[in-house]
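Enquirer: Spelled out from the first residue to the last, the chains are:
There are 4 protein chains.
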Amino acid sequence: MRSILLLACSAAGLFAADDVLTRVAAHADHFGAISRQIWETPELGFHENKSSSLLQQELKANGFAVKADVAGMPTAFTAEWGSGKPVIGIMGEFDALPGLSQKSEPMQAFVQEGAPGHGCGHNLLGSASALAVVAIKEEMQARGIKGTIRYYGTPAEEGGGGKIYMIHAGLMKDVDAMLEWHPGSTNSVNLGSMLANNGGLFRFYGVAAHAAAAPARGRSALDGVMIMLHAVEMLREHVPQETRIHYVITNGGSAANIVPAFAEVNIIARHPDALILNGIWDRIVKCAQAGALASETRMEFEQGTNYANRLPNDALAEVLSRAMHKAGGYQYSAEEQAFADTLRKSLQDVAPGPGPETVNTDKSTSVGMASSDAGDVSWNVPTGGFNAATFVPGVAAHTWQAAACAGNSIGRKGMLVAARTLSLAAIDLFQNPAEVKAARESFEKRLAGRKWTTRIAPDSKPRLNYAVR
Amino acid sequence: MRSILLLACSAAGLFAADDVLTRVAAHADHFGAISRQIWETPELGFHENKSSSLLQQELKANGFAVKADVAGMPTAFTAEWGSGKPVIGIMGEFDALPGLSQKSEPMQAFVQEGAPGHGCGHNLLGSASALAVVAIKEEMQARGIKGTIRYYGTPAEEGGGGKIYMIHAGLMKDVDAMLEWHPGSTNSVNLGSMLANNGGLFRFYGVAAHAAAAPARGRSALDGVMIMLHAVEMLREHVPQETRIHYVITNGGSAANIVPAFAEVNIIARHPDALILNGIWDRIVKCAQAGALASETRMEFEQGTNYANRLPNDALAEVLSRAMHKAGGYQYSAEEQAFADTLRKSLQDVAPGPGPETVNTDKSTSVGMASSDAGDVSWNVPTGGFNAATFVPGVAAHTWQAAACAGNSIGRKGMLVAARTLSLAAIDLFQNPAEVKAARESFEKRLAGRKWTTRIAPDSKPRLNYAVR
Amino acid sequence: MRSILLLACSAAGLFAADDVLTRVAAHADHFGAISRQIWETPELGFHENKSSSLLQQELKANGFAVKADVAGMPTAFTAEWGSGKPVIGIMGEFDALPGLSQKSEPMQAFVQEGAPGHGCGHNLLGSASALAVVAIKEEMQARGIKGTIRYYGTPAEEGGGGKIYMIHAGLMKDVDAMLEWHPGSTNSVNLGSMLANNGGLFRFYGVAAHAAAAPARGRSALDGVMIMLHAVEMLREHVPQETRIHYVITNGGSAANIVPAFAEVNIIARHPDALILNGIWDRIVKCAQAGALASETRMEFEQGTNYANRLPNDALAEVLSRAMHKAGGYQYSAEEQAFADTLRKSLQDVAPGPGPETVNTDKSTSVGMASSDAGDVSWNVPTGGFNAATFVPGVAAHTWQAAACAGNSIGRKGMLVAARTLSLAAIDLFQNPAEVKAARESFEKRLAGRKWTTRIAPDSKPRLNYAVR
Amino acid sequence: MRSILLLACSAAGLFAADDVLTRVAAHADHFGAISRQIWETPELGFHENKSSSLLQQELKANGFAVKADVAGMPTAFTAEWGSGKPVIGIMGEFDALPGLSQKSEPMQAFVQEGAPGHGCGHNLLGSASALAVVAIKEEMQARGIKGTIRYYGTPAEEGGGGKIYMIHAGLMKDVDAMLEWHPGSTNSVNLGSMLANNGGLFRFYGVAAHAAAAPARGRSALDGVMIMLHAVEMLREHVPQETRIHYVITNGGSAANIVPAFAEVNIIARHPDALILNGIWDRIVKCAQAGALASETRMEFEQGTNYANRLPNDALAEVLSRAMHKAGGYQYSAEEQAFADTLRKSLQDVAPGPGPETVNTDKSTSVGMASSDAGDVSWNVPTGGFNAATFVPGVAAHTWQAAACAGNSIGRKGMLVAARTLSLAAIDLFQNPAEVKAARESFEKRLAGRKWTTRIAPDSKPRLNYAVR
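Just so you know, the protein sequences line up as chains A, B, C and D, in that order.
Each number in our numbering comes from the position in the first sequence (counting from 1) with 299 added on.
Each number in our numbering comes from the position in the second sequence (counting from 1) with 299 added on.
Each number in our numbering comes from the position in the third sequence (counting from 1) with 299 added on.
Each number in our numbering comes from the position in the fourth sequence (counting from 1) with 299 added on.
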């Protein structure tokens, strides 16, 4: 852990006055090790039993009151310390991705082929947020700061939408400001959004018949799929150009000589605005209904992931920008630089972007193409977010390169940038009620009288096995 | 008229015993001239004013009681003589086809380019049937035969469905046996059927928008058409193989830079059985509804032609077969042969089939690809039909070659085969109640408990301008 | 084996004069037991190791010269006795079908779920043909009949096309008449044909891209499939109505958020005439090429099953009809009747047809919807075929009901009808050179100067693992 | 002409020092009257005989050397004065739009229904540019300014692409800076672009056949169109989101009972970058080829309009901005205000935007959805353009409202803003070689080494009758 000590030293000069950073540094090695432990036992969405337990146990050990198994999800939990207003929340994720098993090496190398891996760096995400709340709590305790700091252990971000069920369960209602971060290839705060998305399985049920002897007796479920998809293709011209619609045919019939009695398509739509997306989705459903109507088949829909876009929060972006400038970036050690150089060779046509020593806090409003249930949170409570440089510049999430970085010291250094930024921002908010108020105002302004809606029904059960089917 | 005299002579030897044939022969030249007159003033469906008047006038002059302007159609009429049972009906048509203007010459030559012409020989059809009823009436009168002979002047067979409105008006209810014939290239009686057909215009109404500036605001009517037609194409696999479905896009949008607010498709479906066709048509309608549903456009349907298949009548086929054998065929004169030889050169890849001297009365059950409202009559009353050789062997209906034959002596000789056959068969039926009863039984057997249905609503008005739009 | 003894007795009275039938009876139990043994170890196409060995061993033991592992197929063999002309061939099949595991009981009951089963009765097919050649050989030997009797052990009829490779290898060139039979639900000889078929996998290769972030960089393999299939649907209107085209999408992309880099469709086309089918197939290939062209993907085709229709042989149908009338049908025992009655309850809306005591030898020319590589044989040498009632009336091939019958005494009684018919017909042919000549003439007449073609290249290797992928 | 005098007075105070503006004012009434004369005789593209003659005659009378009938277009011309460098070009258009006949009244009122009208204000465009070059020439003469001022009389901007043929003919090669303007609803200079577009007719030729009797003999041209368009729809996902593709089916078959032997689609594609559009168009052509391939029809393409996007010129935008600020806007008279108020009532849901007194010269870079052959000019020589407020705020081009404004004093006041701006800018350029050099540099920078391409072949003849078919 030489590199982390080195970092702590170099950081010391910059913000010695901030005790909370000293506290982060004190726990850095320990939570770095926890992140590595989670990385070594990658668990898919809603099955993060070890990862969740480990984090709960650490927070309990640090004096947090933990509520486990909340909102119908065995791996969801909250952990809080303090009482009363304001309530500052920090979110942590810890689920892995299927098929991304990777050693912490700069070339593709499975730990176990086909097994899950932390290609989105959620091992760092959950651990840095936990490290942050521990440091914040110590600082609050030390200085007698009033209020509640609360950690949200949010499972199954990768498609399961754990946060949505926590919203439905009322677990976020009293939050004044929610902070979140995500592993990335730069240290950056901006006002960018993400795409809202919605998806699921349209299943068509027809009537089988021998395709040579009696095709007229059959009603082809595949015909239903194809008519639907033809209509969807024609829809593309008549939706806003920022829309994305994409699909795969997950079942296209069983045998060529039988009229298919079953067929299935998995379709996802996205748009930068969740409410506009809702209208587009209604039209996709009409295409599916049309497919069933014309082919005389029956159509059923199984709701999949539905995430809102992220409503940026201008006030919290300011708070986080200041915090990140204070938190600072980091330098690669010679060893890390060699790792990064080797890894970069596997990236084609990718501009590297700024390095980990840089902090980027422009207020640009680009729309990222990713989607997250953090978006849904941002429609419910004032939410501020940022990225920390846990991946080598140019590395995209959901790749083996990301998984490799998430398991080594580069990931752990990036995770410290996140923990420092979160800690500084939270303490800032606790001490400045005006900022908390501004965050609420920014929230209301972006909401502009609109209301969050989701296609995940309030009384629906989490699809606990969505990731392992 | 040399050829017709010749024919009368040759015929005399064959069936001198049959007075009714002598009567046919006596009127042959006159009604031949009438057929030519109608041929010279070709009139489209529901606009056969001169043709209908001329026939009415002739029948009136021969003592028939004429009811003009029946069933909401100015050119429809009935003309009857006698009273009481049995009631024998004979149908006559007289409408022309658009664009088939043709001189009575063996090479393509317009009388007037683009004008209508008698490419289906209905000038002969209406005239031969009129000639027949006149001869029958004279024979009935002479012999004191009881019963009613009735001529049906049925307009707009080419798509207008005049007979259907006459059925709806109850004008055929009391008929014991209906006889009909059609110009063709052979003299033949068989048990063949025809295809039932149904068709019309599906119109889609969307929302126009500038296709470059605001395509998302538009709802494309052409999308509606294309989704419908894609679904129709998929339907083909799942209907009986004898089905035919064909269409043209009659309006595919007005300008490429505007999202089409209107689009239209003209579609026809056919099947050898009208009731099965009904079920298929319902599915086509679903395809159209699906097109509207998926494209968020509105769909309207304008009913077009809907003709039932012909239910063969086994007993009447026997009666007609005997009659046609007695009636006999005819020979070409040298001049006619030369005409036929020249005409044949314009026919490619067409087997000529038997000549006009032949009479074919097998009981084969081939399904012709044509459709006629005579089919609807056959579902309502016992109906027997046949073809007479008015066209040179190998000539198909709806061609300039057919129009050319319909205007010359070949057509008129063929028309006499028809008139003789009809006369003999009707007299046969009047004199043999058992045959009338057998016709009824054959009818019931083929009907097999089923009921005629039509998509032309009983209270709908004939589309009097369908042919001139 | 009570029922079989019973049968042998009852048969004895009918055709005692025919020694060859006595010989069949003598081996009946033994080959019945062999059929049961094959039924108990169902093996998929090209993997019929036990089944093929067992039959080879029996034929060897009966004095036949066996050539194993012929034409590149380990389970293909020939077994012959005698020498010189004429050469009479009898074909035997022995492959099972996937997923049709079934006990010999009149209700659905797996031996092992998902395992193969003899749902097409090939255990009987191969065994009856073997029984026949043994009886024929004994009869030839006894009477000093000249010529060659040859058994063709033809593997993988269910899609693998073993016979085609045997034709390519020249193994059938010298055959004067080929006899074959197939298990069915009636005893019948007719001039019916079967559909020629052709099929295979069209694979499309595109360029993957993130479907939300960079869809314009992707080239969708699924688009290739869908454009191809849309074109195929439009083709339906413009091929002869007897054509069948059916498909399933065997790979429709891997994940909805990735532009599919791979997609695959399995498509089969059929028509009563192999040469017309060839032309239709060329047009399907054009549709696939169009899909690749328009989507900028690459298309590859893997040839699957390609079977010709069966050319009926009028002379051999006569020979077989006479033989089958002599061979006679059979009666169910009380036990078998009970089995049949129970089984019938599982068949819905199926007319049972005539029972096993009946022999049907009309010369009707219906086109069966099945396809077989026996069709290819019939384009190469005079081939006569028939069905024997091994299944309860109304039972279709490729069902659990067929598999159940194939394993019990009903199947074995039906198999004896086949063995008797084959034996009588072969002896007839050996003794009547005129009939052999007539078979050749019938063959030439049906061929009408045309030549067999196949899409299975002469130098291609059998797809030995086609059934186990 | 009261209002124009009023304007001249009010303007006098603002820029008395600028003699060129005095010169513009001196000719204002005369060229206003010319614009009205052209408005009263609206002529379609390439048929602007009177309009072109009138402008040529005026320029000749003012001492310009006119070359008529250039580049194969009878109504194209150039008119120049002076000699040597720099060469400053000013473009004028004068073609009308079909169907936009409109009186100069604030409610829809045809002069002649269905006749053309100046719905794009080109009567003003050509006249203001002519007025400008006359004033510039007088100023050059008065001050002894060196260089060449050249008017480009460019016909058929509305789809005919007159400028492209002038480029091909080399008529613009020596231009140092080209100035152009367009009637609009605001006075504005910006760096906005326009969409490049390309379009034309894809014609499919198949084989007709009776759709009921012999559909298998037909090859449907409409199938070709539909397969092509299905492929085009699938293309949408895989082109940049700014792309537009839109089409109408201009011929979808002639009669529903005949397999269509001919079908036609008119398709247009657009993109902000002409070179990217080229690549997209190649893919559309592949879709058309795929349609022909799969349907076994023949495809032909007739090139239609192909316009490049406009390359903004930063230096000329500066020059024009300064000039327009000097030129100033104008006020409505009471009468004009009343006209404007009435007209506005016919506009629904349209934000009016700033009034004619305002001058907008931000450097925003919005992409307009219109397309023009001025875009092609901008890829060949440094080209600066702007809008003048000839239409009531909120009025869009190609509407009756625009045609109404183009014929009255509002249009003529707006035209003077244009003439003043052009005059000031041209004199500025003549006197400042550095600005001419900067214009060239801006041009090279935007070109970035790329080269103009067009699908209008250099040796192709203008489609002189494109507008009157």
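Wrong hints could be hidden among the right ones.
What the simulated footprint calls covered on chain D by chain A, stretch by stretch (three residues with Cβ under 8 Å from a Cβ of chain A suffice, anywhere in the stretch; the number is not a length) [claimed, not checked]: (1) 474-487; (2) 504-517.
The calculated lysine-lysine pairs, modelled on DSSO-like cross-linking and capped at a C-alpha distance of 27 Å, are [claimed, not checked]: (3) B:K349 - B:K384; (4) C:K744 - C:K760; (5) D:K662 - A:K662; (6) D:K736 - D:K662; (7) B:K662 - C:K662; (8) B:K760 - B:K644.
Looking from chain B toward chain C, a few residues come up when the C-beta cut is under 7 Å (computed) [what the hints assert, rightly or not]: (9) E357; (10) K359; (11) M533.
Hints listed in this document are in silico derivations from the structure and should not be mistaken for laboratory results.
Think of the CB as a built atom: it goes at the ideal place given N, C-alpha and C, for glycine as much as any other residue.
Enquirer: Holds or violated: K349 of chain B and K384 of chain B, Cα atoms, limit 27 Å.
Expert: Status violated; Cα separation ~32 Å.
Enquirer: Are three or more residues of the stretch 504-517 of chain D within 8 Å, CB to CB, of chain A?
Expert: With 0 residues close enough to chain A, the hint is violated.
Enquirer: Residue count check for the stretch 474-487 of chain D against chain A: does it reach three with CB-CB under 8 Å?
Expert: violated (count 0)
Enquirer: Does K760 of chain C lie within 27 Å of K744 of chain C when you go C-alpha to C-alpha?
Expert: At roughly 32 Å apart (the allowed maximum being 27 Å), K760 of chain C and K744 of chain C break the hint.
Enquirer: Interface hint check: E357 of chain B, Cβ to nearest Cβ on chain C, cutoff 7 Å. Holds or violated?
Expert: With Cβ-Cβ at 45 Å, over 7 Å, it is violated.
Enquirer: With the threshold set at 27 Å, check whether the alpha-carbon distance from K736 of chain D to K662 of chain D stays at or below it.
Expert: At roughly 20 Å apart (the allowed maximum being 27 Å), K662 of chain D and K736 of chain D satisfy the hint.
Enquirer: Hey, K760 of chain B versus K644 of chain B, does the alpha-carbon distance stay inside 27 Å?
Expert: With a Cα-Cα distance of about 45 Å, the restraint between K760 of chain B and K644 of chain B is violated, given a limit of 27 Å.
Enquirer: Decide if the proposed pair is consistent with the structure: K662 of chain B and K662 of chain C, CA atoms, cutoff 27 Å inclusive.
Expert: This hinted pair holds, its Cα atoms lying about 21 Å apart.
Enquirer: Between the alpha carbons of K662 of chain D and K662 of chain A, is the straight-line distance 27 Å or under?
Expert: OK: K662 of chain D and K662 of chain A at ~21 Å, within 27 Å.
Enquirer: Under 7 Å, Cβ to Cβ, is where M533 of chain B needs to be relative to chain C, so tell me if that hint holds or is violated.
Expert: 5 Å, holds
Enquirer: Quick one, is the K359 of chain B hint okay against chain C at 7 Å, beta carbons?
Expert: Hint violated; K359 of chain B Cβ to chain C Cβ min 49 Å, cut 7 Å.
When each numbered hint is compared with the structure, violations occur for hints 1, 2, 3, 4, 8, 9 and 10.
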